[in-house]
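In the order they appear, the protein sequences are chains A and B. For the first sequence, the numbering used here gives the first residue as 51, with consecutive numbering after it. For the second sequence, the numbering used here gives the first residue as 51, with consecutive numbering after it.
Be a bit skeptical, because a hint or two may be false.
Copies of one chain are not kept apart here, so a pair can be met inside one copy or by any two copies together.
[What the hints assert, rightly or not] Taking lysine to any residue pairs in the SDA-like style, the calculated list, with each CA pair at most 20 Å apart, reads: (1) 237 <-> 270; (2) 199 <-> 76; (3) 402 <-> 132; (4) 296 <-> 326; (5) 296 <-> 264; (6) 402 <-> 133; (7) 199 <-> 68; (8) 237 <-> 212; (9) 199 <-> 69; (10) 402 <-> 107; (11) 539 <-> 103; (12) 199 <-> 72; (13) 539 <-> 105; (14) 539 <-> 135; (15) 481 <-> 297; (16) 539 <-> 401; (17) 489 <-> 533; (18) 237 <-> 265; (19) 539 <-> 425; (20) 481 <-> 506; (21) 539 <-> 133; (22) 539 <-> 80; (23) 539 <-> 138.
By construction, these hints were calculated from the structure, which means they are not laboratory data.
There are 2 protein chains.
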Amino acid sequence: MEWTREERYRPYQQYSALELLHLQAAADNSPEQLRYHIRPSSGLLNDPNGFSYFNHAWHVFYQSFPFGATHGLKSWMHMQSTDLVHWHSRGLALTPDNEYDSHGAYSGSAKQIGDRLFLMYTGNHRDQDWNRTPFQLGAWMNQNNQVTKLKQPLFRNPDYISEHFRDPQLLEYDGKYYALLGAQDAKTETGHLALWASDDLQDGWHDVGLTNFTPYPMGYMIECPNLVMIDDHAVLIFCPQGLEQKITHYDNIYPNTYIIGDEFDFENATLKGSSQVPVNLDEGFDVYATQAFNAPDGTAYAISWVGLPDINYPTDEQTWANCLSQVKELHIRNGQLYQQPVAAMTNLRDPKGTKVFSNRTSIIDDHAGQQCELNLTISADQTGVLHLAANEDLSASLQIQFDTNTGALTVDRSRVGATVAKKYGTTRSIKLPAHQDLKLQIFLDHSLAEIFVNDGEQVLTLRYFADQQHQKIAFAQPINATGSLYQLKNI
Amino acid sequence: MEWTREERYRPYQQYSALELLHLQAAADNSPEQLRYHIRPSSGLLNDPNGFSYFNHAWHVFYQSFPFGATHGLKSWMHMQSTDLVHWHSRGLALTPDNEYDSHGAYSGSAKQIGDRLFLMYTGNHRDQDWNRTPFQLGAWMNQNNQVTKLKQPLFRNPDYISEHFRDPQLLEYDGKYYALLGAQDAKTETGHLALWASDDLQDGWHDVGLTNFTPYPMGYMIECPNLVMIDDHAVLIFCPQGLEQKITHYDNIYPNTYIIGDEFDFENATLKGSSQVPVNLDEGFDVYATQAFNAPDGTAYAISWVGLPDINYPTDEQTWANCLSQVKELHIRNGQLYQQPVAAMTNLRDPKGTKVFSNRTSIIDDHAGQQCELNLTISADQTGVLHLAANEDLSASLQIQFDTNTGALTVDRSRVGATVAKKYGTTRSIKLPAHQDLKLQIFLDHSLAEIFVNDGEQVLTLRYFADQQHQKIAFAQPINATGSLYQLKNI
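Looking at chain A on its own, in the form it has when it is part of the complex (with noise of 0.2 Å):
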């Protein structure tokens, strides 16, 4: 289905509510729906926003365009848990309504102040010649999780920053409120993290500057950046658009990266003792625009949009698209970020199906399914191929070519089902320590797999689609490994 401009910007009260209520049935028995992932009510969900913890919950709100598989009208949809694992729906929170959104209630974050959660995000406004103007906006949500905009904008672009000047992050520091943005400089075209602050949080916003951060050029444009603090070192997270590759090799249309600091300087706009060149985030597929932010203890919580700007997904076709991975602890260990499952994902697995096997090993479940957990040792000195998701032939699979003797893993998606993005590759390949024990922590949930490698030193995450009929996991021929098998329940 092709989408016009002005069907994409169509107001939501001009769609009935007969089509939404077919679009969610639509989302709800789709075969290859998440099951213990956050993902669309209908339509198209992208970037997580305003991830944080109020009110003895925790909240996450999701991009949203309601209404099918393309990036419209956006809106925050909203999510809350005690767990971090299982999310209920609060509904639409931040609708595009006034001047200032009118074209788009775009990314933002949220942080608890006084008794109440604040809501920063980007209004994006278009005029009439479909010129962009971007507003930095607040809301205010209460404990009844309802929501009540500001009436003015915080700010706007200044003259030298572009119209793409958008993704807030609320941070407070020393007693004063900033906001960390990403910003195009308009003159040059190139991509920067923008910094501003306040003392009151509404009024009285000013500009500090560009952030330091890397000597490096940042392409075209930084979206959603994030800066937090992990085991003592303060930490950048964001996007680059149009990164060259002889500065961080990436495989997807645009990478999400990050960069470790000693610490950050607010008043100078400055990541100390940074590490200069962006790390990929996730080494999979489909992760983008990753939110994290401090717990109330301080521990770091990250959680991605698994999908991708400008790349198109087989359940387009049914009207919905992409999802959220779901919530990763931080942690940084010999100068390198760790990302692991919270402790609650633990209560997903369903004791009635678990399965335990150990030694050289060829079959690991004939009917796996997939909504499962597989945790897995695989000695060193072998090769070897894994197959998930998998027929009973193996001929169709999500397939992980593992050496553990040179030390590489790489995960094959080109002959699992219907292809995504082939423009930019069917596989992805990532190193490994040669001669060592391979570990492996694999969560599959119909249509996305994320891969823990070693505890999380890596992380691959994806979309895969498959014929839901495919259950089969099974290593192409005998492997000295070990490990234990879950079914997961569903969120």
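Dock chain B against the given chain A, drawing on the hints supplied.
Relative to the frame of chain A, chain B by itself:
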């Protein structure tokens, strides 16, 4: 808000998607909202429909008017579960969209036939003069939950039955299909159960006759009949409207009752060995339209509408209304019907939120919350009051007054918060065996209480509308009692 007839019967495509999204968010965020029961995604919920097992899952649908807390144009909304406890929305399943169900896809049942689920329901049709014709309709649901309606009605009311002819329960016996329906004699305006039969389901439906199951008059109409086998007894569960109090005493506007028989003679439409006098299925304030069926293993399960026709509830002002009960497993012991929580209900217990108490107990928990299960044994020969959802000084609470000396229990909702259906009284009382311990299993879900007495020999189900900050559970004075309190998780 007053609803005009025109507003109530406005086609779904004339409501806007924005309106529906706001209604869904309002239901999602209501402080009184149920968190582990089936509740409307928006608007009003009434009868459970199509309770069945199909395609490795449990299914139940509910009567829905999605656009407000009024009995408007009804559809079927679909819920699915693998354990009878964790239900997940599968969205709009039957829409009122043709000549035969133009004024509502009314209640009915579902049954697996071959590899599909057959939905049998009443289409509510009204002509321009608002004269009603009740059509009995069919639809097939496939393994992807897609519903296709039959083009022609199965049958309509014969001349001797008035417009009140609805709620077909589809049954299969000895290679034939049968439908049991609520029916009103056109001439005498009395309530009956009609039995119809067909050899091949789609054609040739014929009238077997009115069912013989009691010598007493059953008021002016019977709604929602179910024939179910419980421990080798044939049991009729039904809702007589206008039943004389001298036949069966009841307090609610309409009762939901049952009659136990030895067996059901389909050829002669007769409940053999009938206990004749209807007995209240639930002794609380709010159960109606219970739907029961036999699972493939023969076990009888029931689920009830918690709500009553012609009664307003405080959440009406919040644009949503009503819920379904938890699923109850049915048994017969000593000639009496027992209703018990299904086994998987224990999976809702949060292991971190358990509290055990014994001996002379006064305060059970100062902050029990309103999402919990209380299992309690009160020793014989005591009188007292148990306060649920209570404020600090117990002046506001849902009261359970008990007397294990003479044997009596009263639930009093007059002091818990906003009043409901005051016209029909604010207390419900039952008799207990004298000089015996009293076992109570009480489930609270924010605005719903389900009280199972003595292992389900009696059940009292009711809505209550307390301040959600009233979280205390305590006896008025110390009582000899033992038990456990569990916090329960959301579904």
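Taking 20 Å as the upper bound on the Cα-Cα distance, should residue 481 and residue 297 be classified as within, between, both, or neither?
-> Within. Shortest intra-copy distance 18 Å satisfies the 20 Å Cα cut-off; inter-copy 80 Å does not.
How do residue 539 and residue 105 come out at 20 Å by Cα distance, when the copy is not named: within, between, both, or neither?
-> So residue 539 and residue 105 pass the 20 Å test across copies only (17 Å; inside, 27 Å).
Which holds for residue 539 with residue 425 at a C-alpha limit of 20 Å: within a copy, between copies, both or neither?
-> Within one copy only: 16 Å inside, 27 Å across.
If the cutoff is 20 Å on CA atoms, where do residue 237 and residue 270 land: within, between, both or neither? Let me know, please.
-> Classified as within: same-chain Cα gap 11 Å, cross-chain 81 Å, threshold 20 Å.
Measure nothing new, just compare the shortest in-copy and cross-copy C-alpha distances for residue 539 and residue 133 to 20 Å and report within, between, both or neither.
-> Answer is both: 15 Å inside a copy and 11 Å across each meet the 20 Å cutoff.
Checking residue 489 and residue 533: alpha-carbon separation at most 20 Å within a copy, between copies, both or neither?
-> For residue 489 and residue 533, the Cα distance is within 20 Å only inside one copy (9 Å; across copies 45 Å).
With identical chains treated as interchangeable, where does the CA-CA distance between residue 539 and residue 80 reach 20 Å or less: within a copy, between copies, both, or neither?
-> within (17 Å within a copy, 26 Å between copies)
Should residue 402 paired with residue 133 be assigned to within, between, both, or neither, using CA atoms and 20 Å as the limit?
-> Between copies only: 13 Å across chains, 22 Å inside a chain, cut-off 20 Å.
Copy assignment of residue 402 with residue 107, given that the CA separation must stay at most 20 Å = Between. Shortest inter-copy distance 16 Å satisfies the 20 Å Cα cut-off; intra-copy 29 Å does not.
Is it within, between, both, or neither for residue 296 and residue 264, if the alpha carbons may be no more than 20 Å apart?
-> Only inside one copy: residue 296 and residue 264 sit 15 Å apart there, 87 Å across copies, limit 20 Å.
Copy assignment of residue 402 with residue 132, given that the CA separation must stay at most 20 Å | Cα proximity of residue 402 and residue 132: across copies only (13 Å, versus 25 Å in one copy).
Using 20 Å as the alpha-carbon threshold, which applies to residue 296 and residue 326: within, between, both, or neither?
-> within (14 Å within a copy, 86 Å between copies)
Of the numbered hints listed earlier, not one is contradicted by the structure.
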